[in-house]
Every structure is written in C-alpha cells, then in structure tokens.
Amino acid sequence: MLSILTIIWALIVGIIVLGFIAASAMFLIWWERKVSAHIQSRYGPMRVGWHGVLQSVADAVKLLLKENIIPAEADKLVWWLAPFIAIVPPVMAFVVLPFGKNLIVKDLNVGVLYLMALSSVSVIGIFMAGWGSNNKYSLIGGMRSAAQIISYELPLIISMIIVAMQAGSLSMQKIVLAQAGCWNILHPNMAMAFIVYIIAATAEINRVPFDIPEAESELVAGFHTEYSGMKFAMFFIGEYTNLFIISAIAATLFFGGWQGPILPGVVWFLIKSYGIVFVLMWVRWTFPRLRVDQLMGFAWKILTPISFVNLAITGWLLLK
Amino acid sequence: MIKYSKNFVIGIWSLIKGLAVTIKYCFRPAVTLQYPTQKRPMSDCYRGLVGLHPEKCIVCYQCVKMCPTACLAITHKLEDKKKTLETFKYNMELCCFCGLCEQVCPADAIVMTKIYEISVYDRKKLDINLLDDKKYDEWTHTTIK
Amino acid sequence: MRPDEIAAIIKSKFPQVKEEAGTNYIIVPKESILEVAQYIKNPPLGMDNLHCITGIDRKEKIEVVYTFYSIGEHHGVTLKVNLTPEDLNVASLSEIWKSANWLEREVYDLFGVIFSGHPDLRRILNPYDWQGYPLRKNYSNPDFIAKPRM
Amino acid sequence: MDATQTKEMYTEEFLINMGPQHPSTHGVLSLELKLDGETIRNCTPHIGYLHRSMEKIAENRTFTQFIPFTDRLDYVASMNNNLGYVMAVEKLLNLEISERAKYIRVIIAELNRIASHLIATGTFAQDLGAFATPLFYCFREREKIVEIFDQICGNRLTYNYMRIGGVLADLSGEIIEKIKEFIEYMRPKVDDYDELITYNVIFLARSKHIGVLSKEMAINYSVTGPNLRGSGVKWDLRKDEPYLVYDKLEFDIPVGENGDAWDRYKVRIEEMRQSLRIIEQAIESLPQGEVTVRVGRILKPSASETYFRTENPRGELGFYIVGDGSVYPYRLKIRSPSFSNLAVLPELVKGIKVADIVCVLGSFDVLMGEIDR
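Chains as they are written, first to last, in the working numbering: chain A, 111 to 430; chain B, 568 to 712; chain C, 12 to 161; chain D, 171 to 543.
There could be a bad hint or two in this list.
To be verified - With beta-carbon atoms standing in for the labels, derived distance ranges:
no.	chain 1	residue 1	chain 2	residue 2	range
1	A	Asn244	D	Gly521	19 to 29 Å
2	C	Asp15	D	Gly207	35 to 45 Å
3	C	Glu97	D	Ser496	21 to 31 Å
4	D	Ser496	C	Trp141	24 to 34 Å
5	A	Val158	B	Leu661	33 to 43 Å
6	C	Gln142	B	Glu653	39 to 49 Å
7	C	Asn35	B	Leu698	51 to 61 Å
8	D	Pro516	A	Val220	47 to 57 Å
9	B	Glu653	D	Glu344	48 to 58 Å
10	B	Ile625	C	Tyr150	34 to 44 Å
Said to hold, decoys possible - Taking lysine-lysine and the DSBU-like style, the derived pairs with C-alpha atoms no more than 30 Å apart in a straight line are:
no.	chain 1	residue 1	chain 2	residue 2
11	C	Lys72	C	Lys41
12	D	Lys348	B	Lys681
13	D	Lys348	D	Lys359
14	C	Lys109	D	Lys359
15	B	Lys573	B	Lys584
16	D	Lys204	A	Lys186
17	D	Lys261	C	Lys91
I should point out that these hints are in silico values taken from the structure, not numbers from a laboratory. Glycine included, each C-beta is placed from N, C-alpha and C at the ideal position.
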C-alpha cells in the first residue's frame, strides 16, 4: 500500500518537474530572444501571441514535425544516445533544488556533491554528439567541450565547497537556512566565490564568452551541427535547463535561496534565479568569445588559483 | 605585479563599459519595422519595376539600346507613316533596376514604379507585357503607393 | 619622378627597351623582363609595389601589362611585354613581388599566358577543369550571350 | 609538434574545408585547411565561386551601360566603385567635370566609405563571437546612410548614381540637412563602438598580435587600403595622389603600429571619424552650379589606354581601360583591392589556431564580389 502511494507520489512529482522544465526552457528561449532583440534595438518575435510569447511553442511544434536526418557515416548508437545523455543531468539536478521551505523533491544530505557529480556527466553527451556525427567540425567542437568542461570543473567545485564549509553542511536546505540572517554574497570571500562560480558555470554550460564548443563563426554549430528536429530540440532544452539550473544553484548558494520578506518562498526563488539568468543573457549579448587556449589559460592560471586562495582564506576564517 | 593588476582592473572596467552600452540600448525604442504590416515609405525617385505610359511612347528604341541586360523588347508597326507600338515586353528576370531606360527616354514614357515586392510563384509571370493595363495588379496590393 | 624621366633612366640602362608611341608605357622584350624588373625594384627607382598585371589580346599579339608603383617615391611606371600567340611564355615575377603570384595566375587563367618559374600556376577564377581562355578575343562558348543590340 | 608516427599509434594532419558555405568566410570563399589539432599547418584559398566574368561582359557593353555592373563588384561600397569607373572613363575621354559635381562625389563616396566600414566593423566583431549585437548596431547606423542614398538616387544597394560627366541627380537642401543630421548622430555612435568592442579586454586578447602583417610584406603583396595603413604605412591615395577635391579638404590618415588584426580594425574606426570630418567640410564649401557636363549619348573614346585608381574602402580600386575607337571598351581590367589583400592570407595564418583564421580574415574585410568579379 505504502509502495503504491510512493510510486503515485513519485509520478506526480516527476510530471510536475518535467512540466516545469519544459515550460521553463520554453520561457527562457523566448526571453533570451526578447532580451537579445531589445539589446540590439529590435523587437524580436512579435507574431505568435502577445509579443511572441508563444513563439517557442510554435518552434517546438515545428521541430517535432521535422524530418530526423541521420548522417550516412554517423556512428548510429552513439549519435542516437547523445541528446538523451545531454538532457538527463539537468533534469536530475531538479531533485535537490529547494524551491521553497518544503518545496523540494528530496533534500539529500549530499546535495551539493550530487550537483557536482551531475555537472560532469553532461560533457559525455556533448562529446558523444561530436564524435558520433562523424563530422570534423563537430569533432573539434566535442573535443573543445570536453577540455573546457574538465578545466572549469575545478574552480566550480571549489567555490561550491566554500559555501558548504560556511554552512557546515552539504544539504541544500541547510545551506539556505544557514543564510537566514545574512546572504552569503555579502561576505567578501563569498562574493569572490560567487564571481568564480558564475564564470565557471557559464563555461560549463557553453555560453558566450565561453561558447567555443559551438563557436558559430568558426565551427558552424560545433557538436550539434548534424542534429535536426527533435534531437536538436533536446540539446536546446538541455542547454536552457542548464542555464536555469546554474542560476538556481547560484541563488540558493549565494542569495539566500527561497528566503525573503512578504512574498512566498517560491516566488523569491524564481525572482532570484531569473535575475541571474538575465545577467547571463546580458553578458552573452555583449561580449566576444575567447579563444580555446586563452580559455584554458584563464581557467588554470586565474580562476583555479583564486579559488584555492579563497578556500584557504575561508578555512582560516572558520577556524579563527 | 602592479602592472598585472592594473591591466586586470582596466580589463574588468572595459567589460563593464561594454555592458553599460548594451543595457543603454536595451531600454531604448527599437528601430526596426514589423515588415508586412509596417512599411517604410518609398522615396520619390525609388526605382522599382519598370512601368510604361504607352500613349507617350514615340518608339525611338532608345531604352532597348540603353538597357545593359537586354530586358526590354519592342516591336512596332507602321500606321500611315507613323510608328506605333505593337508589343513592349519586359523580362523582369533580367532587369537590374539601374534606371538607365527611364533616364534615356526622351518622351518620359518609361517610368520606374514603386513596386518592390516582386516575388512570384510562376516564372512565366516575370515576362511582363508592359502594354497590359492590369500587369501589376497582382503586385500592387503589397505596395504603399 | 615624372614618367618620362623614369623611362629615360630605364632606357639608358637597358637599350633594348622602347617607349610605346603616345603613352609613357615601356615595351620590354620578353627575355629581359626579369632583369628590368629586378632593376626597377631597387633604388633609384624603388618600385616596391607591383600593383596590377593584366593582359590585352590584340589578336596578332598578346600584351602583358605590368603596373608598378613606388610607395616611398610616389611615382609609377607601366611595362609591357608583347607575346605572340605561338609562344606565350614569359618569366614570372613572383619571386620578386609576392603580389605577382595571384595576379599572374589570373592572367594565365584568362589569357593562357604561361609564366615560367611560377610556383603554383593553376587556374584561379575559373574552375580547375575549364577549357579555353575566356578573355581571348577568339574564345567561343555555347553559353556565351552575344552583345545586346546597339 | 609535427605529425609523428610511432609504432603503436600514428597521428595525421586533419584536412577541413572551410567554406564555400561557412558563416564567416564573408561570402563564397573556400579555404582548404590542414590542421594539427587546432593549429593550422597549411591554408589554400580557392576562389572563383562568384565569378561572373565582369571583364568579358564589359567588352560587350557601352561605357554607360557598364556603370550598373560596377555596382555589383563591391556591393557594400557601390558608390565608390561607380566613382572609380566613371573617373577612369573620364580620364580616357579627357573630360573635366564641374566643381559642384566633384564635391558631391566626395560627399557621397565618403558616406559610402562609412557604410562599408560599418559593415566591416560589425562582421569583424561577429567573427570574434560578439554574437550579432555590434552587427545590428552597425546596420542600424548604415540604414541611415542607405536612406540618404535612397532619397538621392532611388536604390538602396546598387546605386548607379555616378554618371560619366557628373552625377545622376543634384543634392537638394533637404538631403543636405539629412546628411548634417547624420553626422551629428554618428559621432557618439563611433564612441559607443570604442566602448563596446575596441577596448574590450576579450576583443583585445583575441585580435592583438594575431595575423601580424609587416610593412615590407604588405607592400610586397600589394596590400592596399586600411590593411596597408594598419601595418603602419602612411599611404592613402586621397592624400598622396589626390583626385576630385580631396587636396582642398583637411583630414588625417590614421595608421596602425604593429600591423595586427586589431590595428587594421582600429584604422577603420578612425577612418570613419575622418570621413565624417571630410563630409562636414565638403558640405560647408559646396559650390553652386551644374552637376553634369553634357556628353554625347554615344561615347567614343579614341584608341588609347588608361589606368586609374581610387581609394576604395577596401583598398585601391584600379580600372585599366583600353579603348579602340568604338563604343565598347576593347579591354577593361578591374584591379580589385580584395583580390590582392586576400592573396596574403595563406602566409599569415600558418601556425595560428583555427579560431584565429576567422579573426585574420575578418580583419582583412575581403568581399567576394570583387575578388571573383
């Protein structure tokens, strides 16, 4: 009896989460197009719905109806699996995201560790896509992506560890509760950790100025050059879900998560997350792209030392 | 080390300035038009498709001689020693909208209209008989006069 | 320097060259083009810039026209080499001026002039398997549209 | 590291074809790249995908009929092409045009130079990954110029405005007001570009010391225009061999220092400022008078040859025209600047990363329309 209830509960939660993911990704795609358009003195999508708000739905329908083209020389199995592997980690990350005081799928006591583990998995999907397409541009894109994500893993993880040290727990809820009096971002060492985190996270999800795996002007579209229809849409949804995830993690770890006056917790959480998303979009539509060796150099020569120093300082502050 | 950190600060400052430029334009009105519903007015001398006032034409063949892409073709017949137009074909596919025919015409019979939305589904429609009054009816509904 | 002064300098150095009637262009025998080119590259003339190479098909002969300029001295000179249709070989200048590389390839492509000593003499504008030399006056191609009536 | 071969594993060079369909080859340029990892070992450009045999067409058109074809050479700077061609024909005919027409030609040519440099700026930033934003800003400004041209001559891209013996139409007072307005509008925008891209630290990191073209090499390869000046050679036909009324106007020639991609880009930005200065002065001193000299409808130059070159936004555009006394040119050679500028590319990209080839190519601002002709 208990097990049936659990399964039903799990199904309901799963449907809600998946629904939220799809809605969020579609909203973010529309929003990105609007933000970019207004930055560029344009209107962006205006036809489908009020100010084109349903544009993403129309695009999704179009992509669903599109022919699924498989390159003749592709490594079929790898090529088929890649989009699924790329989309699963961001979906799984929703498990530990605290939307509100009780609004969390499962408050794992190793929540931060779980997120770190998941962020390393998505590179496999991207690399498989690059390899399986049997396209030289895609291969270069996949290789760049692997090198990039592995480099940026380190500063990303260290800056998350700093927060965990401060809170004394790896559980996401406990980290939020630890910020009850004062948001983490208000401590100078935490602010530094936030900057390192947001840079490394931007690199993790391959956005400008770190979008070298896609690098439109060099590699055409990088790892997803050969994908069409729904498979392309899966990469796309995965990318935008990732964008939301890293913003949500940043909001949780540094901006006090769902805590805030008057409004309910979930509203505060979404406001903070989408605020960070907006900043990332704003950055994306302003800056040029770094070159691959500069990107690596930046990760190893600047970000990693800074985060190590930051780690040492935080440890000293805690022990003092 | 001082130089390094100075460069670092200058670099960060340059990034912030870039962000300031983009956010400045983010809240200014857009400059584009929503094309099929909004259209910019054509200038007075706009060079669109070639049009003809057949009654003015004196059949001097200047336009045919001048056309760099040979897109105009005229035949005439003699009626009591006066040349009159028989056919005036205009092959829009070849036309490069240079306006030389309009400029060279001594009787101002050839004019450049303001029709610019000129895509058609059937290639044969690009071969236009300029003597036909209704030749551009299909296209004029898309154009602001 | 004025064009006539330049012509005089070159003529005094190389007696085999002659001036074209009516223009200041200098006609160089094709054997000595390399020597003349090497001479004008260095001071006093200092033609450091090979600006343009082109061909003119005069039916009985094909002229190859070299236009030189000097960035430092602010003057220029035009050399001409006359080739007979039977023997279209002329020495390449691409060792002296790198810009000659592509310009000579273009003249080869369109006129069929063979530049001996050129490092990479391939067609450049036309496809690599193109037949014939399109800018020759006797070139004919079924797809070629005749002159518009005049 | 060279491609090496060992007992168990061997590596080989990686051949990729960049183009003819590629987002950042500026048209239908095809580059055959040999890569070692991401480092370029060899680069072979293949051109001619846009070859329209302009020179053969010219032999079958009258001198006036060929003007619209020059629009299609460098379709971003049609006015400058028109100008170069009609001035070459005028030189062949020994025709002197009126003073007002000269000033108008200068104003129009400089406006189009700004439009062309705007596209160069925008696409260069786009190539470096500043996705679309600088490009849209540049197009927004270019639109103003295009609107002015639309009012003057009736077309927005292929203007066909210059005529042998003058220009198509006079500048009305209304248009002159518009041009003045544009100058006021444009000045702060150029500063905006400086803030958004020129001194952006990522942009500097990407374009400084990339594709360094030395002075000697630039001259030897006959590189012209902003690319030559970016290498530090102070050479501008508008100053050194003045045509029209450039000798009466005051302006500076910006030059670069190192000859890298950033210098070439910076020269263009500075040239926009100088062009604004030139337009302002030319409008101030615009004389009254006719804009066209009467020439016969049928032009028959005597059997003679002429070579004339003008300073185009992309470099020196030369027309070598041979007349034979008929209404057609006997031979018309177009010496297009991008053709010579592109020839230097294989030399510059050896040993740099595949991301940088886009940067070098973008900084040269080549246009396939005039390379392939």
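47 to 57 Å was suggested as the range; check whether the CB atoms of D/Pro516 and A/Val220 agree with it. About 55 Å separates the Cβ atoms of D/Pro516 and A/Val220, which means 47 to 57 Å holds.
Look at the Cβ atoms of D/Ser496 and C/Trp141 and judge whether their distance stays inside 24 to 34 Å. holds, 28 Å
D/Gly207 and C/Asp15 - C-beta distance against the hinted 35 to 45 Å: Roughly 58 Å apart at Cβ, these two residues miss the hinted range, so it is violated.
Would you mind confirming whether the straight-line C-alpha gap from D/Lys348 to B/Lys681 stays at or under 30 Å? holds, 22 Å
A/Asn244 versus D/Gly521 beta-carbon gap, inside 19 to 29 Å or not: holds, 28 Å
Regarding A/Val158 and B/Leu661, is the given constraint of 33 to 43 Å on their beta-carbon distance met? At 39 Å between Cβs, range holds.
Could you check the hint for me, namely that C/Gln142 and B/Glu653 are 39 to 49 Å apart, CB to CB? holds, 42 Å
Is the Cα-Cα distance between D/Lys204 and A/Lys186 30 Å or less? It holds: about 27 Å lies between the C-alpha atoms, which stays within 30 Å.
Using the C-beta atoms of C/Asn35 and B/Leu698, is the stated range 51 to 61 Å upheld? holds, 55 Å
Note whether the CB distance of C/Glu97 and D/Ser496 lies within 21 to 31 Å or breaks it. holds, 28 Å
Would you check the hint for C/Lys109 and D/Lys359, treating anything up to 30 Å between C-alpha atoms as holding? violated, 39 Å
Keeping to a limit of 30 Å between CA atoms, is the pair of D/Lys348 and D/Lys359 held or broken? holds, 17 Å
Violated hints for the displayed structure, listed by number in ascending order: 2, 9, 14.
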